[in-house]
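Novice: Model the full structure from these sequences, guided by the hints.
Number of protein chains: 2
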Amino acid sequence: MVESDSKLSVTYYGDNTEVLGKAVLHLTAIEVSLDVDADRDGVVEKNNPHKGAWTWGPEGHGAILLVNCDSEQFYHKTPDSDRKHITAVSDLNDMSPMVLRTKGPAQLPPGYKLTLHISRGDAEKVRVFFPDFVKRYPLVLDDQVLSQEVPYQEETKLYVEGLRFPDKDFDGLLKIHLSLLEPISEDFPETPIYTDTVVFRVAPWIMTPNTLEPVEVFVCSTKDNYPFLKGITGLAKKNNYKLKVCYEYKNRGDRWMQDELEFGYIDSPHQHFPVVLDSPRDGDLKDFPYDELLGKDFGYVTRVPEDEEVNSLDSFGNLEVSPPVTVNGKHYPLGRIIIGVAFPTSAHGRNMTKVVQDFLWAQKVQEPVALFSDWLYVGHVDEFMTFVPAPGQRRLEMLKHFLNEIDNLSLIYHLLHTYLSVCYKLFKGLQNDGHGKAKIFDGLGPDEEISVDEILDNERLKSENDYVQNCIDWNRDVLKRELGLDDDDIIDLPILFKLMEDNRAVAYYPDMVNMIVLGKELGIPKPFGPKVDGRCALEAEMTSLMEALGLNCTYIDNFASYHKLLGEVHCGSNVRRKPFELRWWNLEM
Amino acid sequence: MVESDSKLSVTYYGDNTEVLGKAVLHLTAIEVSLDVDADRDGVVEKNNPHKGAWTWGPEGHGAILLVNCDSEQFYHKTPDSDRKHITAVSDLNDMSPMVLRTKGPAQLPPGYKLTLHISRGDAEKVRVFFPDFVKRYPLVLDDQVLSQEVPYQEETKLYVEGLRFPDKDFDGLLKIHLSLLEPISEDFPETPIYTDTVVFRVAPWIMTPNTLEPVEVFVCSTKDNYPFLKGITGLAKKNNYKLKVCYEYKNRGDRWMQDELEFGYIDSPHQHFPVVLDSPRDGDLKDFPYDELLGKDFGYVTRVPEDEEVNSLDSFGNLEVSPPVTVNGKHYPLGRIIIGVAFPTSAHGRNMTKVVQDFLWAQKVQEPVALFSDWLYVGHVDEFMTFVPAPGQRRLEMLKHFLNEIDNLSLIYHLLHTYLSVCYKLFKGLQNDGHGKAKIFDGLGPDEEISVDEILDNERLKSENDYVQNCIDWNRDVLKRELGLDDDDIIDLPILFKLMEDNRAVAYYPDMVNMIVLGKELGIPKPFGPKVDGRCALEAEMTSLMEALGLNCTYIDNFASYHKLLGEVHCGSNVRRKPFELRWWNLEM
Chain A
1 MVESDSKLSV TYYGDNTEVL GKAVLHLTAI EVSLDVDADR DGVVEKNNPH
51 KGAWTWGPEG HGAILLVNCD SEQFYHKTPD SDRKHITAVS DLNDMSPMVL
101 RTKGPAQLPP GYKLTLHISR GDAEKVRVFF PDFVKRYPLV LDDQVLSQEV
151 PYQEETKLYV EGLRFPDKDF DGLLKIHLSL LEPISEDFPE TPIYTDTVVF
201 RVAPWIMTPN TLEPVEVFVC STKDNYPFLK GITGLAKKNN YKLKVCYEYK
251 NRGDRWMQDE LEFGYIDSPH QHFPVVLDSP RDGDLKDFPY DELLGKDFGY
301 VTRVPEDEEV NSLDSFGNLE VSPPVTVNGK HYPLGRIIIG VAFPTSAHGR
351 NMTKVVQDFL WAQKVQEPVA LFSDWLYVGH VDEFMTFVPA PGQRRLEMLK
401 HFLNEIDNLS LIYHLLHTYL SVCYKLFKGL QNDGHGKAKI FDGLGPDEEI
451 SVDEILDNER LKSENDYVQN CIDWNRDVLK RELGLDDDDI IDLPILFKLM
501 EDNRAVAYYP DMVNMIVLGK ELGIPKPFGP KVDGRCALEA EMTSLMEALG
551 LNCTYIDNFA SYHKLLGEVH CGSNVRRKPF ELRWWNLEM
Chain B
1 MVESDSKLSV TYYGDNTEVL GKAVLHLTAI EVSLDVDADR DGVVEKNNPH
51 KGAWTWGPEG HGAILLVNCD SEQFYHKTPD SDRKHITAVS DLNDMSPMVL
101 RTKGPAQLPP GYKLTLHISR GDAEKVRVFF PDFVKRYPLV LDDQVLSQEV
151 PYQEETKLYV EGLRFPDKDF DGLLKIHLSL LEPISEDFPE TPIYTDTVVF
201 RVAPWIMTPN TLEPVEVFVC STKDNYPFLK GITGLAKKNN YKLKVCYEYK
251 NRGDRWMQDE LEFGYIDSPH QHFPVVLDSP RDGDLKDFPY DELLGKDFGY
301 VTRVPEDEEV NSLDSFGNLE VSPPVTVNGK HYPLGRIIIG VAFPTSAHGR
351 NMTKVVQDFL WAQKVQEPVA LFSDWLYVGH VDEFMTFVPA PGQRRLEMLK
401 HFLNEIDNLS LIYHLLHTYL SVCYKLFKGL QNDGHGKAKI FDGLGPDEEI
451 SVDEILDNER LKSENDYVQN CIDWNRDVLK RELGLDDDDI IDLPILFKLM
501 EDNRAVAYYP DMVNMIVLGK ELGIPKPFGP KVDGRCALEA EMTSLMEALG
551 LNCTYIDNFA SYHKLLGEVH CGSNVRRKPF ELRWWNLEM
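Just so you know, the sequences run in chain order A and B. Taking UniProt numbering, the leading residue of the first sequence gets 1, the next gets one more, and so forth. Taking UniProt numbering, the leading residue of the second sequence gets 1, the next gets one more, and so forth.
Among these hints, one or two may not hold up.
No distinction is drawn between identical chains; accordingly, a pair holds when it is met within one copy or between any pair of copies.
[What the hints assert, rightly or not] Calculated lysine-lysine pairs in the BS3-like style (CA-CA distance at most 25 Å, straight line):
1. K425 <-> K286
2. K330 <-> K175
3. K175 <-> K480
4. K286 <-> K242
5. K238 <-> K520
6. K22 <-> K425
7. K22 <-> K428
8. K244 <-> K223
9. K175 <-> K354
10. K168 <-> K364
11. K564 <-> K242
12. K113 <-> K462
13. K175 <-> K364
14. K168 <-> K354
15. K237 <-> K520
16. K286 <-> K77
17. K238 <-> K428
It is worth saying that the hints were derived from the structure and are not from the lab.
Specialist: In structure tokens, the structure reads:
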């Protein structure tokens, strides 16, 4: 017979229903729950039944954690995750809220305890803080304290801080447990009688393709790059994008803004911010990402090999990302990362260092594609390909989408690809039309100038470009296969290469594919091609191809200050872009 | 106009259809294909369209590779994978066949080459051999040779050898590529114009639960274990199982056959064999797995921590596997591995070493469950649980299966679990019936004997067992949750524990759950319980519980030679069993 929720009275009867005895059983019901935002709406709900498991997709569940890799402090800064204490209340915004809720008697029975705990493996990847009554945030759990008693009170708000990005040895999943411990007697250890578990996935680092809207353009100022700087500044201003110039005192002549860093971001239901991936390249620009970018709500991450030399393939001109693609029915709505490595058939090629490759693959949501870039002297994928939006085709695209006929998003952009025979064909056309004497590098001085006839007569150059074409065709096949592209999705640009002493290739004239893409505006290396009726034939061809896509071309003179140093506009610039509207946890993996 | 398959004649006409010229184009079509058993029927098919990707399930595809961890050689033996050459033709049976097929002209055009290649990352996990005309098997690819030219001939049979099991840093997948290289001119490197890729998954190491049929029983012979040896020998002979006795000169007194090793197997469509996992425990039995088990078609693998001390939880009495289970709709048709670790709430407990845990988790097909075993002095899961088949229920099971009502296979076995109150209840029953003076350890000498009354009066013992019960209840909850068991699936056995000085528990009398399971025959530690009418009350209870399941009990006296040394029948024996009929690649993962 139940007397109340917490008391049970038991009456013992004899055979003749006489009462033999009475007993009262006191019940203590204690409800404890560790709560997180398992449904990913930005709010911590109450005891979500799915909080202990993590699944992908719009119907998925499981909480999300950011690596707290920005810096709340301006002076003596360091990523917040490197500090064991909280320096500013705003830092809590970068952490995931977690609530410990209890229901039951005003106090736990004597000897009972609530304990929060993590495994040794997880302890190096996560910290838990909680605010005490004086609004300080003491550490509850970290790599030194794997288990700690927490107060028994109706509601305790806690904050969970992520410390490490997913990597080769870390799938991104972390668990935090709450246990109610029961004492047996003073002589023995307490034993858990109930454990509640929540799971977090650390948000991946996500790259932003050229099709996303720019926010800020980055370039270096050097003694000799005025025409370039003027060109880029004009483009940025035209669209009201922010422009950040890194001056000589900081860049020390290192102008390769593309190569030192890659912009990306991290995202969660409660917070998101940009994160720069610092290349292990470490030229004279090496302090720029840490000194100038790391800051409040601007994160920083790097991967540096321990016992391996870095090489030119470790520069981030060799790290790009495609727009969204669908490949054989498999969707990559955040695109696919593209890197360049050595030919698989070659045992002695240069490669991107393993720690960076491992990091990129471990992010999972933009599964990388490896191209062959070691055939190039500098060895960067941005020397022979880029992606441009195709705004003119977007309406068609929308229509197809409504008709449910679309199975590839690739129509909203095009892959631009160098293609040598396009150049030879164009030059032969000029020759046939009587322009064989027209000069490349016209006006750049007699040492540079060379006629169309001379180029077409150069057998050695022709055979070098036959070789290069083979290398490019290989990559074209890989891109078609791995990005699900048709020939129609690829636009071939007229480029010419020449080989250096080690049989590796460099652009013969400014490499137009190495452009900056700012919405509909393209900043293209001025090719200094042969002139017909006063107009550069290469520019004319390029402009005609791009205008058909609804894009505007601006040709930027980077001949002396970049091209002669084996780079172009793209190598010398960088763009921070808006994040994807699609949230990564909604991917179906 | 096509003249033949390999010649195209082109005629140029003028406006008035007059012939302007003629040209003949010579076409060379070369078909190359790297073929494997991608459909897993034991035969290498021709150019399977799915050979380049690996998927799970009955409809899955992708080839399978064994770690060549047995030893063809009897003298100076070592796992074959540790040798760079093939010592016996029979070794080819342990490798996966791969065929390079070509079709086209009798010879490749001048300068063209076929090359087989692997990535640097894969090179430490795989080797490729091929037989040349004198029937020797030279190495084609290994960690020193990542790329090698292979002959252009109609059919070349190759053999692929696996070297490493899946582990924390290796998901088990490997790729081998074949490329056709085209020369441009002597001055430049050749470039691949076509690449064919095959993928292999290295077969996981699979454990065999008690419900699988025994093949061979393993025990040690020591100076003092005659009654035990006789009992086990009798059981094995009764069922015609092979018996392997490890004699004193080899075991040097180390009798814990369960703890030094775990039997498992590896399986592929073309070959399968048992593989022993050698424990890092390394007692005096440490050479037994390598010296006595490793051999032709008997593999060997071990994992030893580099800078960590091993402890008692690293013995393989602490490594078991459940029969097939279904948990919340998720099937584990090969069961789940069970290990024992420290309480998650405890920061200072003993754990199974990380390298062994990593290995077990990486096998994937028997996803492990971690129980809490650190509360035990010896710390092994086999001290408080085991699985027995339930042959009497199998017909019911089959019926349910036909009716398609079954969603848990657990009915074909039962989890046996120690349960202390069962023992106290049984002893109180004896006391009430006037048998309080009956003695445990009756006949084992006055130092050992103790009466039922004395045990029930021992308050300290009672409180120790209250603590132990809490530890066991925790494990019971975990097992129910992680194996999808009902209370009906669990049979509680009467066991009593006592605590040692460090508050860790040992069995008070021989721990009946620590039994050997050989089909329907159970070899159970003789408990030496209190006698009623000349019959041991504990044996009577145990026999009654087991007979209800259709199982036969044999009680084996291991009191002096095992129990007093803190182990029992299971700790002192091991059983090699038949593999699962279900092939692991048919799992839906």
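Novice: Next, verify each hint and record whether it holds.
Specialist: Each hint, compared with the structure:
1. K425 <-> K286: Cα proximity of K425 and K286: none, with 42 Å in one copy and 74 Å across.
2. K330 <-> K175: Between copies only: 21 Å across, 30 Å inside.
3. K175 <-> K480: between (40 Å within a copy, 20 Å between copies)
4. K286 <-> K242: Intra 22 Å, inter 68 Å, cutoff 25 Å: intra-copy only.
5. K238 <-> K520: Classified as within; 11 Å inside a copy, 84 Å across copies.
6. K22 <-> K425: So K22 and K425 pass the 25 Å test across copies only (23 Å; inside, 105 Å).
7. K22 <-> K428: between (110 Å within a copy, 23 Å between copies)
8. K244 <-> K223: within (17 Å within a copy, 83 Å between copies)
9. K175 <-> K354: Between copies only: 18 Å across, 28 Å inside.
10. K168 <-> K364: Close inside one copy (11 Å) and across copies (17 Å); limit 25 Å.
11. K564 <-> K242: neither (28 Å within a copy, 79 Å between copies)
12. K113 <-> K462: between (80 Å within a copy, 23 Å between copies)
13. K175 <-> K364: both (20 Å within a copy, 20 Å between copies)
14. K168 <-> K354: Both. Shortest intra-copy (10 Å) and inter-copy (17 Å) distances satisfy the 25 Å Cα cut-off.
15. K237 <-> K520: This pair counts as within: shortest intra-copy Cα distance 14 Å, inter-copy 84 Å.
16. K286 <-> K77: within (16 Å within a copy, 54 Å between copies)
17. K238 <-> K428: Cα proximity of K238 and K428: none, with 37 Å in one copy and 92 Å across.
Of the hints listed earlier, those the structure fails to meet are numbers 1, 11 and 17, in rising order.
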